[in-house]
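Quick mapping for you: the protein sequence lines, in order, are chains A and B.
Each number in the numbering used here comes from the position in the first sequence (counting from 1) with 21 added on.
Each number in the numbering used here comes from the position in the second sequence (counting from 1) with 5 added on.
Hints are computed from structural coordinates only; laboratory data are not their basis.
A few of these clues could be false.
What the hints assert, rightly or not - Below 25 Å or equal to it, Euclidean Cα-Cα: the simulated SDA-like pairs (lysine to any residue) are: (1) Lys98(B) <-> Val88(A); (2) Lys189(B) <-> Val203(B); (3) Lys186(B) <-> Val145(B); (4) Lys98(B) <-> Val203(B); (5) Lys189(B) <-> Val88(A); (6) Lys189(B) <-> Ala97(A).
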Amino acid sequence: MNGATVLAILAMALATYATRISGFLVGHWLPDAGPVRRAFDALPVAVLTALIAPVILSGRAEMAGAVVAAALALRAPMLVALVGGIVTVALVRAMG
Amino acid sequence: MPNLFSEARAGMAAMLPVALAALPFGMLFGAEAARQGLSVAEALLMSLTVFAGGAQFMSMGLWADPAPWLALALATFVVNLRHALMAASLSGKVAAFTGWQRGAAAFLMADETWALAERRAFGTRLTPAYYFGVALTLYVLWSISTVAGALVGGLIPEPGRYGLDFAFPAIFICLITGFVKDWKALPVIAASAGTALVLHATVPGMWFVLGGGIAGITVAALLPVGRRA
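Okay, chain A solo, but in the shape it has when bound:
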């Protein structure tokens, strides 16, 4: 292994760990109620939505796949919704 490469990889690992552990360290200061608590309770939905919004709205196939996946997710197991979304995207792309 190359020294500079290993150094760079370990520096990246440290940077990643710093972001993850810092959240765990500040988390127990959170209040039990009030606006800050509500903000953190909404965090999973807010971050997940932000993560995928640009991809979903990037084209017709992605929008169709998102609608199918969301509709299936409300009443079927996750795997069915996952496959339904992927197949929809592949079909719409194949139709051009």
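Given chain A, work out where chain B should sit, using these hints.
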């Protein structure tokens, strides 16, 4: 106390479809690392120690010989800042873990692991056995696929051809629908998606995740309490 073994198995079962969807991306990363001149061992070392897909792909775009370690570390920190928010949200749910378990849980907290852990904590108590069942399943498969990709290189099919690149958006859509229990989620989703779209179109990098997330939770904090749908 719930059975350790059944909790771990439930975690592994929840992650399995997600980890299978990650396999082509692990292989793509391994192939790209080989193209940038990393050895198989170096590519594996990165997947084992950094374990953050977005940052790993980003680093391949910045790679040079010798590797610019400071620039890579800073860029990785920025790309992964969203994990500080995610971990802060999860920290109350891992409060019963031992200190050592919390340290390991942070090390393994990739996007998908975090999302499945939050989903579990939404319905029931999140146990260390469930968490590590989820986390280690992804960790092992990500590492194996990295090695496979570095070895076979250019033979890997483009995931977009079969719609497989849509696997992660689809998984996250399923998880979001699981969290939504009343109308209050809708303004949060609208603020988060709208901000993410604007930032994605105007600012390079992963800032759209952080900015969209902050917009969403700000709306949640400002929403009136106690009103019914």
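For a C-alpha distance cap of 25 Å, please report whether Lys189(B) and Val203(B) respect it. holds (22 Å)
Restraint check for Lys189(B) with Val88(A), where alpha carbons must lie at most 25 Å apart: holds (20 Å)
Is the hinted pair Lys186(B) and Val145(B) satisfied, with a Cα-Cα distance of at most 25 Å? Not OK: Lys186(B) and Val145(B) at ~34 Å, beyond 25 Å, violated.
For a C-alpha distance cap of 25 Å, please report whether Lys189(B) and Ala97(A) respect it. holds (23 Å)
Just to be careful, I want the Cα atoms of Lys98(B) and Val203(B) compared with a cutoff of 25 Å; is the pair within it? Status violated; Cα separation ~32 Å.
Regarding the pair Lys98(B) and Val88(A), is the alpha-carbon distance no greater than 25 Å? Violated, at about 31 Å.
Violated hints, in rising order: 1, 3, 4; the structure is consistent with all others.
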